[in-house]
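If you're matching them up, the sequences are chains A and B in order. If you use UniProt numbering, the first sequence corresponds to residues 1 to 444, in order. If you use UniProt numbering, the second sequence corresponds to residues 1 to 444, in order.
Where hints are given, some of them may not hold.
Treat identical chains as interchangeable: a pair holds within one or across any two.
To be verified - Restricting the straight-line Cα-Cα distance to at most 27 Å, the calculated cross-link-like pairs of lysine-lysine (DSSO-like) are:
id, residue 1, residue 2
1, Lys196, Lys59
2, Lys3, Lys59
3, Lys53, Lys196
4, Lys53, Lys193
5, Lys193, Lys300
6, Lys59, Lys193
7, Lys59, Lys300
8, Lys300, Lys196
9, Lys53, Lys300
10, Lys3, Lys53
11, Lys193, Lys3
What the hints contain is simulated information worked out from the structure, not anything from laboratory work. Since this is a predicted model, take the numbers as computed values, not measurements.
Spelled out from the first residue to the last, the chains are:
2 protein chains.
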Amino acid sequence: MPKPTPLSGFPELLPAARVVEREVIASLSRTFELHGFANIETRVVEPLDRLAKGGEIDKEIYVLRRLQAGEGEGDSGLGLHFDLTVPFARYVLEHAGHLEFPFRRFQIQPAWRGERPQEGRYRQFTQADVDIVGRDELPFHHDVEVMRVMVDALDALPLPALSFQFNNRKLIQGFYRGLGLPDLTTAIRTIDKLDKLPADEVAALLVRDAGATPEQARRCLELATIRVPDTTFVDAVRDLGVEDELLDEGLAELAAVVEGCGAEERRHVTVEANLRIARGLDYYTGTVVEIFMAGYERLKSVGGGGRYDALASDGRTTYPGVGVSFGVSRSLIPLISDGVLSGSRPVPSVVLVAVTDEDSRGDADAIATALRAGGVPCEVSPSAAKFGKQIRYAERRGIPYVWFGAEVKDIRSGAQVAADPATWQPPAEDLRPAIITNTEENHQ
Amino acid sequence: MPKPTPLSGFPELLPAARVVEREVIASLSRTFELHGFANIETRVVEPLDRLAKGGEIDKEIYVLRRLQAGEGEGDSGLGLHFDLTVPFARYVLEHAGHLEFPFRRFQIQPAWRGERPQEGRYRQFTQADVDIVGRDELPFHHDVEVMRVMVDALDALPLPALSFQFNNRKLIQGFYRGLGLPDLTTAIRTIDKLDKLPADEVAALLVRDAGATPEQARRCLELATIRVPDTTFVDAVRDLGVEDELLDEGLAELAAVVEGCGAEERRHVTVEANLRIARGLDYYTGTVVEIFMAGYERLKSVGGGGRYDALASDGRTTYPGVGVSFGVSRSLIPLISDGVLSGSRPVPSVVLVAVTDEDSRGDADAIATALRAGGVPCEVSPSAAKFGKQIRYAERRGIPYVWFGAEVKDIRSGAQVAADPATWQPPAEDLRPAIITNTEENHQ
Numbered sequence: 001m002p003k004p005t006p007l008s009g010f011p012e013l014l015p016a017a018r019v020v021e022r023e024v025i026a027s028l029s030r031t032f033e034l035h036g037f038a039n040i041e042t043r044v045v046e047p048l049d050r051l052a053k054g055g056e057i058d059k060e061i062y063v064l065r066r067l068q069a070g071e072g073e074g075d076s077g078l079g080l081h082f083d084l085t086v087p088f089a090r091y092v093l094e095h096a097g098h099l100e101f102p103f104r105r106f107q108i109q110p111a112w113r114g115e116r117p118q119e120g121r122y123r124q125f126t127q128a129d130v131d132i133v134g135r136d137e138l139p140f141h142h143d144v145e146v147m148r149v150m151v152d153a154l155d156a157l158p159l160p161a162l163s164f165q166f167n168n169r170k171l172i173q174g175f176y177r178g179l180g181l182p183d184l185t186t187a188i189r190t191i192d193k194l195d196k197l198p199a200d201e202v203a204a205l206l207v208r209d210a211g212a213t214p215e216q217a218r219r220c221l222e223l224a225t226i227r228v229p230d231t232t233f234v235d236a237v238r239d240l241g242v243e244d245e246l247l248d249e250g251l252a253e254l255a256a257v258v259e260g261c262g263a264e265e266r267r268h269v270t271v272e273a274n275l276r277i278a279r280g281l282d283y284y285t286g287t288v289v290e291i292f293m294a295g296y297e298r299l300k301s302v303g304g305g306g307r308y309d310a311l312a313s314d315g316r317t318t319y320p321g322v323g324v325s326f327g328v329s330r331s332l333i334p335l336i337s338d339g340v341l342s343g344s345r346p347v348p349s350v351v352l353v354a355v356t357d358e359d360s361r362g363d364a365d366a367i368a369t370a371l372r373a374g375g376v377p378c379e380v381s382p383s384a385a386k387f388g389k390q391i392r393y394a395e396r397r398g399i400p401y402v403w404f405g406a407e408v409k410d411i412r413s414g415a416q417v418a419a420d421p422a423t424w425q426p427p428a429e430d431l432r433p434a435i436i437t438n439t440e441e442n443h444q
Numbered sequence: 001m002p003k004p005t006p007l008s009g010f011p012e013l014l015p016a017a018r019v020v021e022r023e024v025i026a027s028l029s030r031t032f033e034l035h036g037f038a039n040i041e042t043r044v045v046e047p048l049d050r051l052a053k054g055g056e057i058d059k060e061i062y063v064l065r066r067l068q069a070g071e072g073e074g075d076s077g078l079g080l081h082f083d084l085t086v087p088f089a090r091y092v093l094e095h096a097g098h099l100e101f102p103f104r105r106f107q108i109q110p111a112w113r114g115e116r117p118q119e120g121r122y123r124q125f126t127q128a129d130v131d132i133v134g135r136d137e138l139p140f141h142h143d144v145e146v147m148r149v150m151v152d153a154l155d156a157l158p159l160p161a162l163s164f165q166f167n168n169r170k171l172i173q174g175f176y177r178g179l180g181l182p183d184l185t186t187a188i189r190t191i192d193k194l195d196k197l198p199a200d201e202v203a204a205l206l207v208r209d210a211g212a213t214p215e216q217a218r219r220c221l222e223l224a225t226i227r228v229p230d231t232t233f234v235d236a237v238r239d240l241g242v243e244d245e246l247l248d249e250g251l252a253e254l255a256a257v258v259e260g261c262g263a264e265e266r267r268h269v270t271v272e273a274n275l276r277i278a279r280g281l282d283y284y285t286g287t288v289v290e291i292f293m294a295g296y297e298r299l300k301s302v303g304g305g306g307r308y309d310a311l312a313s314d315g316r317t318t319y320p321g322v323g324v325s326f327g328v329s330r331s332l333i334p335l336i337s338d339g340v341l342s343g344s345r346p347v348p349s350v351v352l353v354a355v356t357d358e359d360s361r362g363d364a365d366a367i368a369t370a371l372r373a374g375g376v377p378c379e380v381s382p383s384a385a386k387f388g389k390q391i392r393y394a395e396r397r398g399i400p401y402v403w404f405g406a407e408v409k410d411i412r413s414g415a416q417v418a419a420d421p422a423t424w425q426p427p428a429e430d431l432r433p434a435i436i437t438n439t440e441e442n443h444q
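Chain A extracted, bound-state conformation (with noise of 0.2 Å):
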């Protein structure tokens, strides 16, 4: 069979390069846990009518059919999922006598959408969510929390810049009530074109679309301008001069958001309320967010996600949620491919254990043994051949030590010293595998 060839859209990475994502779900997983999520993973393929939304499928969806169906039989009606929300919903409804409520969990797993590939965009990517479910009811303070929950977890990782950037639903609704727009669904939708098109041609869109007058317009455009880093948001829209108790509402919670994930300090992650973030999602009802990389702006948002009062039903109890997403892939994938991030070596060995002749690998075993038992990742020589080689085995996987019978050599320095396997550990920062972050490359 000839040389395969890649798969567009269906991106590998080579074993350092998973270094990264290895170590990057770690760190999620490990942030999320501190905070009291519980992971869970649901199977890949769900019914095709939990994939539709108001009965309409309008996501790139990859349908299933057995290869060795039978006359007639046809698709199997399942799908890949498109994100990890809709298999949570249907989790959270499905499995609801066995959870307690509130209920937190992460889910970190690859989605599938069969669109059209580019940067930033795959068929099969991976992503990290984080949700806290209710029963009936799941009191506000939860939005802040999630979101904190996220900002920690991001902020841990070794990224560029991040923006964290707020806004909320109930602000906007509230406020087009105030102002008198007879179509708030449209509005909503036409306003979050604001990254795609111009300001005057989305006003003219909400006077034709949305039954907008021109100063009604105006004014949408108005709060859509409005970005801090802090609550001064709240005056900014009271002096737009818009009263509605659904704005009152929205400005508190907004303003509590952004205090909340805002007010510790932090390494690389910032906060602001964007008074323009949509989300052109339907079920958002009151926290909205998106979050940005800085110098990578072209693949838009790599997170987001809000508050939904009903993100799951069976008709007699509702479930509302808040969670937010993060796209792994969408994130790491360019960054890899731009050199920013890579893996300090494609193998977990701290060690080669070398071997003086096959005879002897009984020898070599017994040490790398005794090292194991210590917690130090090791492997011993594939072959006894010359020491030099030896050497250039481990040089090549950037294996940073070579243990010979009683000694160990640092094949960075040279430095070659007695050592008992049984007691020796290497610099923390040897131990394992580790991301590099390259802040000389050009990102741009």
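Could you slot chain B onto chain A? The hints should help.
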């Protein structure tokens, strides 16, 4: 939308059961890394011609089709992988120029088969594979090594007794050749039916299908009855009086594997030479192994693998490999269903920080932040209900400690002591959810 019902063959774990699977995967990964194996993940899809064997697809494969495919666009030509060997072989060929050989990798991912679900057989199931692949050549000692790695890895898990049953294709082929059997491949496939058919039927099939004489068939069965926990099989085979060079090689290899894997005393893994193990698959060329779990013989093997002299080939270069696969879902899901394994609690939180009233939620948040800085997973009570209700919230989730102001209470014993959240640590056994083994359960 109505309450969803489970999809047959796509098992999903509740959070406490997921603790079991997650800890098992973490433990396997730890052992593989201690032995210097790098982790990779492959995309879940392969072109259909890669999933075919000798031009024919004999597995129940799920094919993908874009739901929004245009008229006449048909299938994508991609199928979900049905194991991790096919994608790994393709990964090696595709990325060979960027890999160092021998290449040592482990891979823990789901695979899919559209077959009829039954206990231990699912449509989506997770496997853990560990392999070593060489370019052009791969010394035999890697057979011993990779099998010992899996013995180490499974011995570290809290599973029922496991038996590694080894054989060697060279031994079987050499013996059959030495006997003068005309059709070795058919003979091996026929002997492989010994776990389904009685010995006299297999003998009749050897005569009918493999062209054996009744005397040859009798001696094939004699070979297949040899099963010992040590290297005494060598003399037992010699006593059958067949002479062949390949047989000698196979005997020496099998003796080295059994000795290498069986030398150490293990907690619950035992090693045997079982000369009826053949593994039906064609590509094995030396060492073969199947792994069985005590009390769960009805699942057939829970793992297996072996040596393949041509794991992959692009026409110019051939990549021999040796590896072994463990069925994570196949073994764990029955054990979880039977109550043999369970998670100690469904949440990572060790501590619930109580909230006196909503105005002081910030104080509770500060305590939680201090605990997390010390690596203690915790969550803040979702409501400022009466303390008794907050304690019940913790109890229902198996959270062992509740924090009240300046004191921490072990709600299992009732003991309450003054504590500083900046320095307090739980006993090590409470820090993370763990796997509980219930050996009282009847798992017949």
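Checklist entry - Under a CA distance limit of 27 Å, which applies to Lys193 and Lys3: within one copy, between copies, both, or neither? => result neither (44 Å within a copy, 36 Å between copies)
Checklist entry - What label fits Lys196 with Lys59 when the C-alpha limit is 27 Å: within, between, both, or neither? => result The answer is within: 20 Å in one copy meets 27 Å, while 47 Å across copies does not.
Item to check | Up to 27 Å CA-CA - Lys196 versus Lys300, copy category | outcome: within (10 Å within a copy, 58 Å between copies)
Checklist entry - Taking 27 Å as the upper bound on the Cα-Cα distance, should Lys3 and Lys53 be classified as within, between, both, or neither? => result between (41 Å within a copy, 16 Å between copies)
Checklist entry - When no copy is specified for Lys53 and Lys196, does a C-alpha distance of 27 Å or less occur within a copy, between copies, both, or neither? => result Intra 24 Å, inter 49 Å, cutoff 27 Å: intra-copy only.
Next on the checklist: One pair to classify: Lys53 and Lys300, alpha carbons no more than 27 Å apart. Within, between, both, or neither?
Outcome noted: Only inside one copy: Lys53 and Lys300 sit 24 Å apart there, 43 Å across copies, limit 27 Å.
Checklist entry - Quick one: Lys59 to Lys193, C-alpha cut-off 27 Å, is that within a copy, between copies, both, or neither? => result For Lys59 and Lys193, the Cα distance is within 27 Å only inside one copy (19 Å; across copies 47 Å).
Item to check | Intra/inter-copy verdict for Lys193 and Lys300 if alpha-carbon distance must be at most 27 Å | outcome: Within one copy, since 13 Å is at most 27 Å while 58 Å is not.
Next on the checklist: Cα distance capped at 27 Å. Does Lys3 pair with Lys59 within a copy, between copies, both, or neither?
Outcome noted: between (33 Å within a copy, 23 Å between copies)
Item to check | Within, between, both or neither, where Lys53 and Lys193 count as close if Cα-Cα is 27 Å or less | outcome: Classified as within; 21 Å inside a copy, 50 Å across copies.
Next on the checklist: As a check of your reading, is Lys59 near Lys300 (CA-CA no more than 27 Å) within one copy, between copies, both or neither?
Outcome noted: Answer is within; shortest intra-copy Cα gap is 18 Å, inter-copy 41 Å.
Violated hints amount to a single one, hint 11; each of the other numbered hints is respected by the structure.
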